[in-house]
Amino acid sequence: MRRAVSQIEPPLIDLGPVNQILDLCRAMSLWPMTFGLACCAIEMMAVGMARFDISRFGAEVFRPSPRQSDVMIVAGTVSKKMAPAVVRLYEQMPAPKWVIALGNCAISGGPFAFEGQYGIVEGVDQLVPVDVYVPGCPPRPEGLLEAIFALQEKITGRRWWPQPVEDKKA
Amino acid sequence: MQFDWLHAAIILFLLAGVVFGIGPIIGSLLLAPKATGGDLDLPYECGVPPHGAAHVRFGINYYFYALLFLAFDVDVLYLFPVSAVYVGSRGWLAFWELVVFVGVLALAVIYFWRKGVFSWPRRIKP
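For the protein sequence lines, the chains are Z and X, in the order given.
No gaps in the numbering here: position 125 of the first sequence is 125 in the numbering used here, and each next residue is one more.
Offset between the second sequence (1-based) and the numbering used here: plus 170.
It is worth saying that the hints were derived from the structure and are not from the lab.
Treat the hints with caution; some may be incorrect.
[As the list claims (entries may be wrong)] Okay, the calculated beta carbon distance ranges per label pair: (1) Leu200(X) x Trp31(Z): 18 to 24 Å; (2) Gln68(Z) x Ile196(X): 43 to 49 Å; (3) Glu142(Z) x Leu201(X): 32 to 38 Å; (4) Ile230(X) x Met28(Z): 50 to 56 Å.
[Said to hold, decoys possible] Listing some non-contacts, in silico: residues in chain Z with all C-beta distances to chain X over 12 Å: (5) Ala38; (6) Ile42; (7) Pro164.
[As the list claims (entries may be wrong)] Covered stretches of chain Z (in silico footprint by chain X; criterion: 3 or more residues with CB under 8 Å from a CB of chain X, positions within the stretch not fixed): (8) 8-22; (9) 62-69; (10) 75-89; (11) 94-101.
The structure presented is a predicted model; accordingly, all values stated were derived computationally and were not measured.
Note that the Cβ used here is the ideal one computed from N, Cα and C, for glycine as well.
Make the full structure from the sequences, and use the hints.
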């Protein structure tokens with residue numbers, strides 16, 4: 001197991017206003033990588049479908065190649081066998097790139113983190129730098145949408161969508 | 171010949187095509203941050219490290235398919251223009267040329283027939 005090696009050099013034209021416009025464009029067209037590792041991927045698929053419809057927020061273009069992806073949604077348990085592939089795929093993504101750790105397994109190993117376990121990477125942040133953590137086992141599809149919003153906020157510096165209304169009955 | 175608006179338009183469209191192709195490449199060179207290091211330069215992009223050379227031997231079966239494709243499909247393709255011209259041809263020359271052309275390709279079919287390519291034997295015995 002090795003950590004991802006990826007230096008990101010700033011662009012040749014590094015001007016504030018240009019970067020702001022480009023960052024806005026990037027934030028509104030995040031292309032995730034088709035990268036389901038375990039059951040959280042089912043929720044990721046649900047987010048892509050009509051009911052939750054991630055395309056309302058510009059992130060529906062799931063790419064089958066890291067060369068075309070902006071954001072890696074690590075959806076599920078990362079086994080030690082899979083870890084080199086995760087690292088390699090992250091390194092092959094072009095800059096700028098972000099990572100969302102979806103679900104407890106990707107955050108910390110989830111239910112598989114116990115003393116003496118030998119097969120699971122306890123947290124994908126041991127391998128790649130993670131930008132947004134989404135807790136849950138699995139998280140609701142709304143959780144992943146919220147992660148996209150958080151990532152957009154991280155990229156552009158402001159939140160673009162209304163805050164969710166809290167359920168008064170609960 | 172003199173240079174008129176049509177030529178100007180053609181040159182303009184050529185330039186627009188070049189800019190359309192090269193513009194985004196230059197744009198991303200100037201405006202995008204650049205990632206380096208790690209396995210970025212690997213030719214293969216599925217997370218699996220590539221092994222072996224790119225120049226490997228393919229199964230001879232693909233060669234069979236290629237020749238059979240030539241014998242059946244390309245054969246018919248070339249017979250279409252022949253059928254258009256044949257009506258207006260004089261004498262037996264066109265006929266014998268056609269026989270030679272189809273005959274050579276038919277030899278390939280007969281060869282594979284004798285080789286048993288068309289029999290598709292069951293590999294798995296019940």
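Comparing the hints with the structure gives:
1. At about 21 Å, the CB distance of leucine 200(X) to tryptophan 31(Z) agrees with the hint of 18 to 24 Å.
2. A hinted range of 43 to 49 Å for the beta carbons of glutamine 68(Z) and isoleucine 196(X) is inconsistent with their spacing of about 19 Å.
3. Take glutamate 142(Z) and leucine 201(X): their Cβ atoms lie about 34 Å apart, and the range 32 to 38 Å holds.
4. Against the hinted window of 50 to 56 Å, the Cβ-Cβ separation of isoleucine 230(X) and methionine 28(Z) comes to about 53 Å, which satisfies the hint.
5. Distance check on alanine 38(Z): its Cβ is at least 16 Å (rounded) from any Cβ of chain X, clearing the 12 Å threshold; non-interface status holds.
6. Consistency note on isoleucine 42(Z): stated as away from chain X, and its beta-carbon is indeed over 12 Å from all of that chain's, at 21 Å minimum.
7. Listed as a non-interface residue, proline 164(Z) keeps its Cβ farther than 12 Å from every Cβ of chain X; the least gap is roughly 32 Å.
8. Chain X is given as covering the stretch 8-22 of chain Z, and this holds because 8 residues of the stretch bring a CB closer than 8 Å to a CB of that chain, at least three being needed.
9. By the rule of at least three residues with a Cβ nearer than 8 Å to a Cβ of chain X, the coverage given for the stretch 62-69 of chain Z holds, with 3 such residues.
10. As drawn, the stretch 75-89 of chain Z meets chain X at 6 residues by the rule of a beta-carbon pair under 8 Å; at three or more, the given contact holds.
11. Restraint check on the stretch 94-101 of chain Z versus chain X: 4 residues with Cβ-Cβ distances below 8 Å, three needed, restraint holds.
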